[in-house]
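With the sequences and hints as input, model every part of the structure.
Using the working numbering, the first residue of the sequence shown is number 58, and each one after it goes up by one.
Hints in this document: simulated from the structure, not taken from any laboratory. Treat the hints with caution; some may be incorrect.
Cross-link-like lysine-lysine pairs, in silico, DSBU-like; alpha carbons within 35 Å at most [unchecked claim]: (1) Lys143 to Lys62; (2) Lys71 to Lys151; (3) Lys71 to Lys143; (4) Lys150 to Lys132; (5) Lys136 to Lys62; (6) Lys97 to Lys132; (7) Lys71 to Lys150; (8) Lys150 to Lys97; (9) Lys150 to Lys62; (10) Lys97 to Lys156; (11) Lys97 to Lys71; (12) Lys71 to Lys149; (13) Lys71 to Lys132; (14) Lys143 to Lys156; (15) Lys150 to Lys136; (16) Lys136 to Lys151; (17) Lys97 to Lys143; (18) Lys132 to Lys143; (19) Lys149 to Lys97; (20) Lys62 to Lys132.
So the derived label-pair ranges between C-beta atoms look like this [as the list claims (entries may be wrong)]: (21) Lys156 to Asn73: 19 to 25 Å; (22) Glu147 to Phe186: 58 to 64 Å; (23) Leu180 to Lys132: 49 to 55 Å; (24) Arg159 to Lys71: 22 to 28 Å; (25) Lys150 to Ala183: 46 to 52 Å; (26) Val177 to Arg131: 26 to 32 Å; (27) Asp61 to Lys150: 23 to 29 Å; (28) Arg159 to Asp100: 37 to 43 Å; (29) Gly86 to Ala162: 18 to 24 Å; (30) Ala135 to Ser65: 30 to 36 Å; (31) Asp111 to Ile187: 30 to 36 Å; (32) Phe186 to Gly104: 48 to 54 Å.
Glycine included, every Cβ here is placed at the ideal spot set by N, Cα and C.
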Amino acid sequence: MGADKTYSSADVAKHNTEEDCWLIISPPGATTPNVYNVTKYLDEHPGGAEVLLDAAGMDATDQFEDIGHSGDARKELAKYVIGELKITEEEKKKMEEEKLAREAAAKAGGGMGPIIAILVVLLAVAGYFITQQ
Numbered sequence: 058m059g060a061d062k063t064y065s066s067a068d069v070a071k072h073n074t075e076e077d078c079w080l081i082i083s084p085p086g087a088t089t090p091n092v093y094n095v096t097k098y099l100d101e102h103p104g105g106a107e108v109l110l111d112a113a114g115m116d117a118t119d120q121f122e123d124i125g126h127s128g129d130a131r132k133e134l135a136k137y138v139i140g141e142l143k144i145t146e147e148e149k150k151k152m153e154e155e156k157l158a159r160e161a162a163a164k165a166g167g168g169m170g171p172i173i174a175i176l177v178v179l180l181a182v183a184g185y186f187i188t189q190q
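Shown next as structure tokens:
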């Protein structure tokens, strides 16, 4: 990490403009999210400044991970670390619950949905042929 400083969520929330843009992102495997000052990177971001500004002052972990950033993008992000997020026990519990919910949703993604859809189509086709006789 680039700095030994810690920031609260309230501290980070104050930095939510084009002139002062901070993000919270929790790297994979990290126990504590990092705080990044990406103000100087806004004009260089391949997805445009607006993407970063939409998450300014907030936790952008989901947005960052959902895009599927490359290893090079992660190295670039590391240049902007200014500290870690200071997390209360209540915030830790909430973050863990959100993480578990995301993991459960991801695991449930495929599930029985496609099988049920195929069965419905087969029943509809069978019903059609039965009524035609």
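Of the numbered hints stated previously, which ones are contradicted by the structure, given in increasing order?
-> Of the numbered hints, 26, 28, 30 and 31 do not hold.
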